[in-house]
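Asker: Since the structure of chain C is already known, use the hints to place chain U on it.
Going down the list, the protein sequences come from chains C and U. Numbers 237 to 613, taken from our numbering, label the letters of the first sequence in order. Numbers 907 to 1256, taken from our numbering, label the letters of the second sequence in order.
Hints were generated in silico from the structure; no laboratory data involved. In this text, all values refer to a predicted model and were calculated from it rather than measured experimentally. Every residue, glycine too, gets a C-beta built ideally from N, C-alpha and C.
Taking lysine to aspartate or glutamate and the DMTMM-like style, the derived pairs with C-alpha atoms no more than 20 angstroms apart in a straight line are:
#, chain 1, residue 1, chain 2, residue 2
1, C, Lys300, C, Asp579
2, U, Lys1031, U, Asp1086
3, U, Lys1031, U, Glu1088
4, C, Lys452, U, Glu963
5, C, Lys452, C, Glu466
6, U, Lys1243, C, Glu501
7, U, Lys934, C, Glu501
8, C, Lys300, U, Asp1053
9, U, Lys981, U, Glu963
10, U, Lys934, U, Glu922
11, U, Lys981, U, Asp967
12, C, Lys452, U, Asp977
13, C, Lys452, U, Asp967
Some chain C residues judged to face chain U by a derived CB distance under 8 angstroms, without partners named:
#, residue
14, Leu273
15, Ile419
16, Phe425
17, Val435
Spelled out from the first residue to the last, the chains are:
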Amino acid sequence: MSASAANAAAASVRETRGEWMDRNSGRIMVLPAVIILLAFAIFPLIISTYLSLSRFALAGGSFKLTFIGLYNFRRLLVGAQQYHFLGTLKPLDTAGWIAFAVFLALVLYWLFRFVVREFSVFGLLGRLISASLACGVVLAALATTVTGGYEGTLLTTCFYVLFGVTLQFALGLGLALLCAQPIRARNWFRVVFFVPLMVTPVGVAYMFRMLADMQKGPFAPLSHALGFSEWSWATQAWSARLMVLIGDTWQWTPFMFIVLLAAVENQPREQLEAARMDGAGAWQIFRDITWPSIAPIGATVVLIRLIEAFKIIDMPNVLTAGGPGLATESLTLHSFIAWRTQDLGGSAAVGYLLLFVSTICCVSFFNYVVRWTRRYQ
Amino acid sequence: MSHSPDTRPLLTRLFEPARLDSMAPIPKIATYAALFFWTLVVVFPLYWVLVTSLKVEVDVDSGPFYVPFLDFMPKLDAWDFMLLQNNTLGPYLNSIFVSLTSTLLALLIGALASYALVRIRFQVKLAAVLTFVLLVVGVIVAVAAFDAPWQLAVAVAAALFALALSTFVKRFRAAVGNNDIEFWMISNRIMPPIVAVLPIYVMFQHLHMLDTQFALIATYTGVNLPIVVWLTRDFFAGIPLDLEESAEIDGASKFRVFFTIALPLVRSGLAATFMLVLILTWNEFLLALFLTNANAQTMPVLVAAQNTTRGPQWWYMSVLIVIMIAPVIVIAGFLQKHIARGLLVGAVKG
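The shape of chain C in the complex, shown without the other chains (with noise of 0.2 angstroms):
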């Protein structure tokens, strides 16, 4: 008796533990992805912002942090540090107010066409954070490259983050264009296509500097040729950018690519024969049929990439470390060498502010693009 009566009792526990499961199932199955998100993200975020507020030293095998406010931030907006995130900035002449002139009437424009015709309050703040963005980021590009200074490092990013994935999104379209026709061999090309996602960033970057090495690679023979062999690419600031920028490229087309050829050979086909019945040509044809139905994907790739993009560290790590002068250096890797210098709170606050400038980046893209490409959906 008392025997089955344990077992009875054992089973409506056991029953009851299982309600328990079954009813809190939810936040079961939540929870564990809470706790990781708050151990990596954002337990090290708000570290991170005492750590930007703060100056680091090292004393006797310890360490001490002292709070001194915004003083790193400081420091490199307007200070000592300006050169570097900035760049040496001179004052403007009159085609580089010019310049501003139009961006900024332009910037008013978009600003007044949105409180005419679809007026909310959050709306209007989050334009006038992202205007006042692009005003400083396009008035520090005047300030450096028309005027003849030196780009800081958020200047090269914004140029890799830009550049970098408006060609590498041309790139894939056109080859997910080109691999969307009758042809044959399609599945090889996009076999071979996807390949260089897979290389490790550090080893592209090796690998482009053994191929653009003017002695010994690959293509020497032909820089001699030309009379190029004295000269390198890495002694300049434009030709190392751009090389960067095409080691990136090369790595990253074949993810635009793979997706947006999967979104072209999901295109409505009966619209595309009744077009074609019609006579309509090849241009029409992708304005009107494709680029509508391939838009919403398009542009959430490129938000992916576009989040992606403005981490780059190996490339110029490796390609360049940097130079020449700061000419390659990104956000991650100055705050990487800061880090290295033991600046620790200057560290943070570089890495903060990359956080505050792609944050916004990516948040209005996903506002005003993402989600415009989506509006018929």
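Answerer: Chain U alone, transformed into the frame defined by chain C:
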């Protein structure tokens, strides 16, 4: 009809297709030319790496040699050194173990979370979230600035949090729902790793776990979780509800439904996500550089370390790059047909 001889003028015949599903000669040639050009762009650097791995120092230094056997004798010296004499196997096994384990973990935890976020309604009080964040900040400030013992600070904060949950939190209406939680999870990916790496380093230092595989696995799982949630949520949202509902009526628990019905239905998407996350972890450099030293070193760090004071040793580096690409290509070959389809579904609704 299409078999009748083409009577159109020559120029038209060259540029305009005879039938709707074929291509005219000139565009066809242009297409193949462009595709072959890009194939060359992709393959030549890889070929150069493969060839360089068969060279010794003299072959590299005395000018570019292109074809093995024709203009230089291929030698396996670099392969011999890297595979048999140098300690390459250790980092290689580390890389394989770390990336496979962390990818599978991220996939499991991320898929569980995104499935729950798609299928179950959540209501988390905003006041509870804010209290939690404030308490975490408080603990960190107390420990860092006032040298409070961290065990004590955490205990006090936990007690205060429990107190808050049972008292004033209940009075506030405002709550965050599924979309907000999802957005929070995905947005963590925007954070540059350089911001997080130092605190993570200090954390593992305190736990005496620096330079262990566990530290890397845990960190990679955390870093890649947002991508998994982002991609898998749309796969789960895409499967019809009735299958799961009928299983639940039959008495299956949510976990059972998840593992036996939902997961098998989205295997295409899971394969694509697996591949992407695997590539990202396999190639990750920055975090591995911070968190590992000798024991848990991974391949990207080893590759970077070949840049010695004597300049980069191309032949050794090439061997490493080749053996790093090989296993990924094999896995990608197996999963190839799922990848495009899976990524497409993920990106459509993203």
